[in-house]
Structure formats: C-alpha cells, structure tokens
Amino acid sequence: MGNRELNREWFRGRELLEFQNAPETLDAEKRTVDVIWFTGIEVPRFDFFTGETYIRRFDPQGADLSFLNGGAPVLANHSAWGEGAQKGRVEKAWNENGIYKATLRFSKRESVNELWQDIEDKIITKFSMGTEILEDEELTEKDDQGKKVNIRLAKRWRPFEISLTAIPADFGTTTMSGIHTGQTQRASAHKGENPMETQNSTGGEARETPEVQAAQPNPEELKKEGAAAERARIAELRKIGRAANLDEKLVEEHVQKETSAEEFRKIALEELARRSDEHPIRSATASVTRDQADTRREAMANALLNRFSPAVFKLEEAGREYVGLSLIEMAKECLEATGVRTRMLPKMRIAELALQSTSDFPNILAATAYKSLRGGYEAEALTFAPFCRRVTLPNFNTFTALAVGEGFDFEKVPEAGEFKYGAIKEGKETYKLATFGKIVAITRQAIINDDLNAFTRIPEMHGRAARRTELDTVWTIITANAALADGTALFHANHGNLAGAGAAPSVTTLGAGRKSMRVQKAVGGKARLNLRPRYLLLPAALETVSDQLLTQITPAVVSNAVPEWVRGLVPVVEPRLDDNSTTAWYLAADPGQIDTIWYCYLQGQEGVFLETEQGFEVDGIKLKARLDFGAAAIDYRGLYKDVGA
1 MGNRELNREW FRGRELLEFQ NAPETLDAEK RTVDVIWFTG IEVPRFDFFT
51 GETYIRRFDP QGADLSFLNG GAPVLANHSA WGEGAQKGRV EKAWNENGIY
101 KATLRFSKRE SVNELWQDIE DKIITKFSMG TEILEDEELT EKDDQGKKVN
151 IRLAKRWRPF EISLTAIPAD FGTTTMSGIH TGQTQRASAH KGENPMETQN
201 STGGEARETP EVQAAQPNPE ELKKEGAAAE RARIAELRKI GRAANLDEKL
251 VEEHVQKETS AEEFRKIALE ELARRSDEHP IRSATASVTR DQADTRREAM
301 ANALLNRFSP AVFKLEEAGR EYVGLSLIEM AKECLEATGV RTRMLPKMRI
351 AELALQSTSD FPNILAATAY KSLRGGYEAE ALTFAPFCRR VTLPNFNTFT
401 ALAVGEGFDF EKVPEAGEFK YGAIKEGKET YKLATFGKIV AITRQAIIND
451 DLNAFTRIPE MHGRAARRTE LDTVWTIITA NAALADGTAL FHANHGNLAG
501 AGAAPSVTTL GAGRKSMRVQ KAVGGKARLN LRPRYLLLPA ALETVSDQLL
551 TQITPAVVSN AVPEWVRGLV PVVEPRLDDN STTAWYLAAD PGQIDTIWYC
601 YLQGQEGVFL ETEQGFEVDG IKLKARLDFG AAAIDYRGLY KDVGA
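Numbering of the sequence shown is given in our numbering, commencing with residue 1 and proceeding in unit increments.
There are no misleading hints in this set.
Restricting the straight-line Cα-Cα distance to at most 30 Å, the calculated cross-link-like pairs of lysine-lysine (DSS-like) are:
#, residue 1, residue 2
1, 257, 122
2, 101, 155
3, 30, 108
4, 420, 521
5, 432, 521
Source of the hints: derived by calculation from the structure; they are not laboratory data.
Hey, can you work out the whole structure from these sequences and the hints?
This is the structure:
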C-alpha cells in the first residue's frame, strides 16, 4: 500500500473515529446535549380492540411544546417508576422545518453517570417521545400498489416527555453531532480548535494531520488505524440493517460501496418510510401501549373537565366511560392499567401510588389543570391589545427601542449622483420581561376527598390572575404617567399630547386632540408625522357619553351632525381607568402607524404556562403557573390625554 492509499485510509479512519466521539452540542460541565427527538416518520400500529392496522401520522405543525418547554422529564424507555426514573429535564424544545429538536439536561447524581457516559461515547443516540393526542382525524389513502391504508392523523398533539431508547419508532432521532456540520475539520474549527489538528480518538494528545507529519508517518500504525475504522464502519452498517430489518443484500451492497454510517442511516430511514408495512414488530408493539394510554388519558381528562364546566367542555364519546368516576376511582383505573393490583389497598395508598408510579394519573391531572388554566386566561378580554404592539423577546435582557427619526426621509439623487445613507437613530426607551407565577399543590387528601377544584377551579382562577397581571401592567403605564427617558412625563404639554384645559369628550375636544396628533413631529423636529386618532380610551364612567357621541343619528339640524371621523373612533372601555380618574379620557393612534406601548412575551412561550413537579415538601404533585411578560411606553406621539371635567 502506497503513501497516498495510506493517507486516504488514515483520513477515513480519523473521520469515523471522530464521529464516534461525544456529540458537538454536548456540554460536559452543564450535562446538556441537543438532540433530534422526532422527524415526522409514519409508524404502523395495531389496535387490539378493533383488530385494525393503521398508520400513525403526526401533523408537523400541530405540536404543542408547552409541556416540553416547561421542564418536562427525560426518561429511559418511557419508564417513570421509582424515585430515580427521571434522568433529566428538557431545557428547551423547538420545531425546525418539521424536525423537532430539544436541549436535554441530565442529572449529576451518581446513578445517572453511566447513562451520561454512554451519551458522551455515542452508545446511546436514539430517542422517543411520550405524547398526548389532542385532536385526531381518521383518513383513508392508497399506497403504491393501490391498496387502502387507514391513517390516523394527530392534528394537535402535546409531547410530555422524551425518552432514551434502543429501538425507536422514529429511526431518524439522534444526538446532534458532526453529521450536521458536513465535515470533521469544520466542526473542530467551530469549537475554536486548530482545523489542522484533530483529537486522538482514544483520549491522547492532539497531533497534526498527515500533511504536517508526512516526513515521519508510521505506515504500519496508519494501516492498523485504517483497518480498525473500516471494521467499525462495516459493523455499524450491519447494526443499522438489523435494527431497521433491511435486506442483507442491501447492507452488503453498501458495505462494498464504502457508504458511511451516517449516509446509510438516511438510506435506512427512507427505506423504512417506503416499506412502512415491514417495520420491526418490536417497534410497532411498543407504540400500541402509548396510543392506548393516550386515548385513556384524553378520555379521563375530558370527563373531569366536563364535570367541572359542562357548558365549556363538551363531553366526548370516549369520555362517557369515565364520566361517573371519582378521582380515586380514576387513580385505580390508571394503576391497574400498568399491572398494579388495587383491590386490597386503602385509598391513601392508592392515591400515593397513583401520584408516584408509572400510571398516567399525574399527567391526567396536569392536562386537566392546564386546560382549566388556559380557559381562565383566555376568558379575560385583553382590552389594550388594539392600540398596543405585541412583540416577543428571546431572553430577559434589557432591550432598547428605535426612535421615529428623520434619517429615513428620501433625498433627491442628481443624475450620476450617489445615494446617501440613512441614519438609524436609536431610541432611549427600554423594555424587558419579568416573571410572574403561583404554585398549586394537589395532595393525596384532595384526591381522596374528590376535590375537583384543586386542579380545575384553582388553576382557572390563576389563569384569570395571569391575564389581570397583563392588564394591570399595561394600563398602569397609562394612568401612572411616569417620566420617559427624556425626563418628561408620558402625557405632558412639552410633548404636545396633553389638553390645556380639561373637558368631557365632544366633537370640539376630540377635534383638539386630533389636531395635536396631526402636528406631531419625528425626532429631530422637522418631519410631520400626520398621525390620526383611531381609538378612544375611556373609563367606565364615560361609556354612556361615548355611546351617545359615537352612535350615528340623523340630526334635526345639519350643523349639529357628528363628523364621520368621530363616529369612526373605536371605543375602548377599561374600568382600571376609573381607579385613577372618572373624567380623564385618551386618544391613541393605530399601532401600525406609530408605536405607542409595547407588550412582550418570552419567545415560544406566549401567555401563561403550567409546569408540574413531583412534590417533596408537598405529599402529592405541584403545579406552577408561570407568566413571562413585560410592557413599556415606546413613544408619546401616538397618545393624547384630556383630564376631563
């Protein structure tokens, strides 16, 4: 074998061995790693009750990631039994063009050390999800041979845990590593290493590439390394073939073609999708239990919600089976579904086991509480939304808004002249997020006492409280009239947005407000903004007055007619204004014309969310309602105030 062939074998061996090292996204200090946990593969399943075979399909845009982004557990093979069942938690989950990814953080306790070592060594690379089907649709399609195929499409689904597993239903799952960067050298450079150096796969010191060491390579050593890498490649291809139940001839064909392990994984995934009826029985059988659990969980949650509020939560067909059961009876159903005999157990022991075991009972309570929470949250009207701008922020840092300046005004460009750069003037107003929340405990006593309010009525009240927090935050900006970054109050004569003498809303006083907004100038004091009032903000005390003013009535005398622009104002009545003044009223421009007030949510977690945790201080489970929200006045020019009379 010549030097050229030796070098080729060396490079191939180094690339394969490098791939077998820890994933690039792995952070050993924090014990975090990024993974792909769902790629959208369709899985064949069997319904034991009907004898029907069908394909389980998930809408790639239908996932509710609230549970995962709320710190959902990381398990091993979906097992939640015992205190050490939880191996870690989901730090963050997201959808990237239909591929679902997550950052997982693993526990640093001693019992997880071996598991973490296998992840570092890329022994464990496959993942599976436990998910709740929120909305299902049955479809019928034809395959390539024209045969009818039954499809069950999960239009809305909520994953609640991610598990490490040896044989996943979705073979495309993996830890995110060098396979996503294209080549080993680029990946090393990304980590700040010298791209001309590569780490020894056995943990030794870094050494230079063959070009640098061309004068002194050891041919025999290089030959051994290349041969070892080739054996590792062949073994990995055959391992993938066995796991995916591929034809041995196909595997040997790619062995001879020198196909890399990662390329063959993609080929295996495509073959599985094309021959969905030839999936390994083990994968399909393992999925049936999850599907039955999903059905039972949805049905029980529906029965509980219907019992709490029949007018809001309609009883579905599946929920009728559980509609008359108490909480302790549902707990028994969940335990017996996992093989736990409850016949001779006292109620206290049943409640204890149901809250701590592999039963679905904690998830049923959490799902019921979450729907109650969101129901209460969405029931409260967001009165400030029409005249404010909604934004999302990636983190809890302080952000600065841009000012409405004159740097964007167009200038004439003479023939053969140059275009001038517009100056973006940075504003001075800042905004950031704050976190609000409350914890609810569901105890064994609440379950035994059949206290439905513990996870329905109370979370609903917390949902309403979360919405009130948003309303209080924004409307306080209006009523507090605090100073902006320029040191002047939001509503002030110097800002040209405060009436000189207070008066009730009328055509005359509204006209004065319209004029003030029309003549407002951009930062720099030259360009007129020509703003138009769109919303009339009123305390409840002035609601009837505004109804009389804005209602279109044919006048007896033409001179008394209410102008069209006044009738076009949109009234926004907010009782919080009454707490400050029963006479003051305001005008606001459309947020599409100019910024007034911004309200902000954390990106990916808009609104109130629920986190669950097995209780230690509390003998049960804890539900934490959390809201990440902030608001700030960005510009005074689109607002006007009259103190009234």
